[in-house]
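A.B. asks: Here is how the chains run, residue by residue.
2 protein chains.
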Amino acid sequence: MPETPQQDGARRASIGARRNPAAEAAILAAARDLLAERGYAGFSIDEVARRAGAGKPTIYRWWPTKADLLIDVYSAEKAAIIAAPETGALWSDILDYTRALWAFWRGTPSGRTFRALIAEAQAGEAALRALRDKFLPERLKDLRLMFERAAARGDIDAAAVDALVELYIGFNWVRLLTDRIADDPPGIEAMARTLAGAPPGKAQ
Amino acid sequence: MPETPQQDGARRASIGARRNPAAEAAILAAARDLLAERGYAGFSIDEVARRAGAGKPTIYRWWPTKADLLIDVYSAEKAAIIAAPETGALWSDILDYTRALWAFWRGTPSGRTFRALIAEAQAGEAALRALRDKFLPERLKDLRLMFERAAARGDIDAAAVDALVELYIGFNWVRLLTDRIADDPPGIEAMARTLAGAPPGKAQ
Chain A
7 MPETPQQDGA
17 RRASIGARRN
27 PAAEAAILAA
37 ARDLLAERGY
47 AGFSIDEVAR
57 RAGAGKPTIY
67 RWWPTKADLL
77 IDVYSAEKAA
87 IIAAPETGAL
97 WSDILDYTRA
107 LWAFWRGTPS
117 GRTFRALIAE
127 AQAGEAALRA
137 LRDKFLPERL
147 KDLRLMFERA
157 AARGDIDAAA
167 VDALVELYIG
177 FNWVRLLTDR
187 IADDPPGIEA
197 MARTLAGAPP
207 GKAQ
Chain B
7 MPETPQQDGA
17 RRASIGARRN
27 PAAEAAILAA
37 ARDLLAERGY
47 AGFSIDEVAR
57 RAGAGKPTIY
67 RWWPTKADLL
77 IDVYSAEKAA
87 IIAAPETGAL
97 WSDILDYTRA
107 LWAFWRGTPS
117 GRTFRALIAE
127 AQAGEAALRA
137 LRDKFLPERL
147 KDLRLMFERA
157 AARGDIDAAA
167 VDALVELYIG
177 FNWVRLLTDR
187 IADDPPGIEA
197 MARTLAGAPP
207 GKAQ
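Chains A and B are the protein sequences, given in the same order.
According to the working numbering, the first sequence is numbered sequentially starting from 7.
According to the working numbering, the second sequence is numbered sequentially starting from 7.
A hint or two may mislead.
It does not matter which identical chain is meant; a pair holds if it fits inside one copy or across any two.
[Claimed, not checked] Restricting the straight-line Cα-Cα distance to at most 20 Å, the calculated cross-link-like pairs of lysine to any residue (SDA-like) are:
1. 62 x 157
2. 140 x 187
3. 140 x 82
4. 147 x 135
5. 62 x 186
6. 147 x 59
7. 140 x 185
Hints in this document: simulated from the structure, not taken from any laboratory.
Required output: the full structure, derived from the provided sequences and hints.
C.D. replies: What follows is the structure in structure tokens.
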């Protein structure tokens, strides 16, 4: 097992075990490919270990739960980072961001990975904590920017930002978890305008 | 195996196999209890069959997928039906409905059951179709009423109802799937007012 101890920063250290970069990359690549080929139903640490030529104890030492591994696969995939757009209006920011996010989910194993992560979190407390306390806060930073900028412009009440972010995340989760993330500009625009309070949205 | 063929309506017939009511009740009760005790991680058809004293072939004939069984457990639990409230304002309807829904999820095995169903739908197409095409449309009827009544009163644009329903569902899914459904009237009210466009919601 090629595990040369080395210093590689606070994030790694927080996981409680130092990693060999080549072995780590091989394991992440094997996990990504396995998800892409077989989805969550066919995803197992056994098979990841076999494909990566790594030992299961190594994988479990670096990623204590399957969820921790899935989070790192997702983050690595997000090299094509989706930045918060700045179109000047909240509704069109939301439209652009949503289309980019869904394209990312569709076009890479990331959609499957995220679905697997959410499913995993329903089966165990450790995975749930990883999703809620590690994955979500990290992923929401960019997204939240759109709403904070809109509040700064006076387009929405700053007090509504938390609720708007949560409503928006929810919309995306339901679409992903029911596999309805085909590109649909009119449908997405209707949601975006409703959420942003831009006409046509509500009478008052 | 106590399977006396009998007529019991279109819904049963649609599943493709007639059921013995006593055996069906025993299986649903066993499934509900197993979910309550062990959650999704400990849920298996093997264990349901053992507890109900039923054969696995019988269970699979009546509920082709685990998802179909979970849907019937959830529906049976919803005897304490949550009707759409009529407070006269959309935001307070949403507040009341959300508090009742979360209490239902917390106080019965239903929250766990629904989480298990969503997780199951990430692992297979049949379960996904059961969730999206059977469970969701059925469960959304009541909830949708709140928004349609608000549109009829002129409080919201009728064209926004679809998006509002989906945003609202999403909010609840995210909270359930990250296990944050403790009663929280101020937090829920903030979401409800934001969604309904009632102050404090947005500046414009």
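A.B. asks: For which of the previously enumerated hints does the structure constitute a violation, in increasing order of number?
C.D. replies: Per hint list: 1, 5 and 6 violated.
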